[in-house]
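Please take these sequences and the hints and turn them into a complete structure.
With the working numbering applied, the sequence shown has no gaps in its numbers, which climb one by one up to 1522 at the end.
These are computed hints drawn from the structure, not numbers from a lab.
Note that the coordinates shown come from a computational prediction; the quantities given were computed from them, not determined experimentally.
Where hints are given, some of them may not hold.
[Stated by the list, open to error] So the derived label-pair ranges between C-beta atoms look like this:
1. I1415 with L1463: 41 to 51 Å
2. A1479 with N1515: 31 to 41 Å
3. A1491 with G1439: 42 to 52 Å
4. F1473 with A1442: 28 to 38 Å
5. Y1516 with S1409: 55 to 65 Å
6. G1446 with I1501: 50 to 60 Å
No residue lacks a Cβ here, since even glycine has one placed at the ideal position from N, Cα and C.
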Amino acid sequence: MKSIRQVASIACLVIATCAQSVAMAALPNIPKPSGGGIGGAAVQDGDWLALIGAYFKAGFIILGLVLGSLAFFAVIGGALKKWKEYSDGRAHLADFKEFLIVGIVLVVFVVMLANYAMQTMA
1401 MKSIRQVASI
1411 ACLVIATCAQ
1421 SVAMAALPNI
1431 PKPSGGGIGG
1441 AAVQDGDWLA
1451 LIGAYFKAGF
1461 IILGLVLGSL
1471 AFFAVIGGAL
1481 KKWKEYSDGR
1491 AHLADFKEFL
1501 IVGIVLVVFV
1511 VMLANYAMQT
1521 MA
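Okay, here's the thing in structure tokens:
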């Protein structure tokens, strides 16, 4: 003779199994990234490896854009700090100009690297 607990657990298992099959009946498809997979190939339906590669590529592009914006904000913040030092008389105008030139070169270099990485992965 089975206990009430065993009967209840079997009933719950049957109900959970039936509910799961209904829930998984109409799952939507995962949208494909618009840039294609790594190497520029289009992602075919059911090709999970190409889909993962496409999302990996999109993640690297976003990372490059974030690094470029962080470099831009770092240069702007440093330039404002250098301007405050110049205003307080602790730095010369040449120091401020030098910082600005080096900062602009740094931002351009980071943007060029991000652009090269995007073109290489395309």
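Legend entry - Hints violated by the structure (listed by number, smallest first): The structure breaks only hint 2.
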